[in-house]
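Please build the complete structure, drawing on both the sequences and the hints.
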Amino acid sequence: AQTVTQSQPEMSVQEAETVTLSCTYDTSESNYYLFWYKQPPSRQMILVIRQEAYKQQNATENRFSVNFQKAAKSFSLKISDSQLGDTAMYFCAFMSTGTASKLTFGTGTRLQVTL
Amino acid sequence: EPEVTQTPSHQVTQMGQEVILRCVPISNHLYFYWYRQILGQKVEFLVSFYNNEISEKSEIFDDQFSVERPDGSNFTLKIRSTKLEDSAMYFCASSKRSSYNSPLHFGNGTRLTVT
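Chains P and A supply the protein sequences, listed in that same order. Here the first sequence is numbered in this note's numbering, starting from 2 and rising by one per residue. Here the second sequence is numbered in this note's numbering, starting from 702 and rising by one per residue.
Because the hints were derived from the structure by calculation, they are not lab data. Keep in mind that a hint or two might mislead.
The calculated lysine-lysine pairs, modelled on DSS-like cross-linking and capped at a C-alpha distance of 25 Å, are [as the list claims (entries may be wrong)]: (1) A:Lys-743 <-> P:Lys-79; (2) A:Lys-797 <-> P:Lys-56; (3) P:Lys-74 <-> A:Lys-743; (4) A:Lys-784 <-> A:Lys-758; (5) A:Lys-779 <-> A:Lys-743; (6) P:Lys-74 <-> P:Lys-56; (7) P:Lys-79 <-> P:Lys-56; (8) A:Lys-758 <-> A:Lys-779; (9) A:Lys-784 <-> A:Lys-743; (10) P:Lys-71 <-> P:Lys-56; (11) A:Lys-784 <-> A:Lys-797; (12) P:Lys-71 <-> A:Lys-743.
Every value quoted in this text rests on a predicted model; they were computed, and no experiment measured them.
If you want it as structure tokens, here you go:
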């Protein structure tokens, strides 16, 4: 079974600064997918960014980028130019290639963006 | 942008009672899911549903739980004889396909409190 670990329960960053959220995972599979989801106070889970394991290039979506280290099984999220609206719970998630879109989530990191 | 909607936002029930949590997935989506999040813990997969049958379920999804798509728009989760430990946030999600390229869209969740 796959596991996803987020070792930072809480993080804080000042507006306009950069913050990196950590995620590690464990799997015996060679191909899989990784995601970061954001859960603001509205509670809705919103997809932030995704990465295919067989792609070496790190995914980027505007101010959000990942550092995917397959050998180390690490998938960190970097948020540049942090904005107050980035305040949320961030979940790292794993999807195997053959599990009908079933996601395995980490425990989450609560990010607070301050003035 | 179309959204997954869940009702009610908060449900309080007594132990031993049955509850039905309701979801309206995005209209052209074919795959449906339920996840739950016990307070302070990670989001956990319960069940996936496609073509009017369960395609995958977790160990959590025992005989106490059932899902149904009673009409063309609703997707429900029924919990029979609720227990205190069923108290959690329940998230519905849907996707167009069972594929990495078809990400899950989540609803805002239903907070279930069992007293």
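Regarding the pair Lys-758 (chain A) and Lys-779 (chain A), is the alpha-carbon distance no greater than 25 Å? 14 Å, holds
Holds or violated: Lys-71 (chain P) with Lys-56 (chain P), Cα cutoff 25 Å? 10 Å, holds
Would you check the hint for Lys-784 (chain A) and Lys-743 (chain A), treating anything up to 25 Å between C-alpha atoms as holding? Status holds; Cα separation ~19 Å.
Straight-line Cα separation of Lys-784 (chain A) and Lys-758 (chain A) no greater than 25 Å? Status holds; Cα separation ~20 Å.
Satisfaction of hint between Lys-743 (chain A) and Lys-779 (chain A), Cα-Cα up to 25 Å: Holds. Lys-779 (chain A) to Lys-743 (chain A) sits at ~21 Å (cutoff 25 Å).
Below or equal to 25 Å on CA atoms is what counts here, so check Lys-74 (chain P) against Lys-743 (chain A). 19 Å, holds
Would you check the hint for Lys-71 (chain P) and Lys-743 (chain A), treating anything up to 25 Å between C-alpha atoms as holding? 23 Å, holds
Would you mind confirming whether the straight-line C-alpha gap from Lys-743 (chain A) to Lys-79 (chain P) stays at or under 25 Å? Roughly 21 Å separates the two Cα atoms, so the pair holds.
Please verify whether Lys-79 (chain P) and Lys-56 (chain P) have alpha carbons no more than 25 Å apart. 18 Å, holds
Proposed proximity, Lys-56 (chain P) with Lys-74 (chain P) (alpha carbon, max 25 Å): Holds. Lys-74 (chain P) to Lys-56 (chain P) sits at ~14 Å (cutoff 25 Å).
Are Lys-784 (chain A) and Lys-797 (chain A) close enough, with their CA atoms no more than 25 Å apart? The hint is violated at about 33 Å.
Next pair to validate is Lys-797 (chain A) with Lys-56 (chain P); report whether the Cα-Cα distance is within 25 Å. 23 Å, holds
Comparing the model with each numbered hint stated earlier shows that hint 11 is the single one that does not hold.
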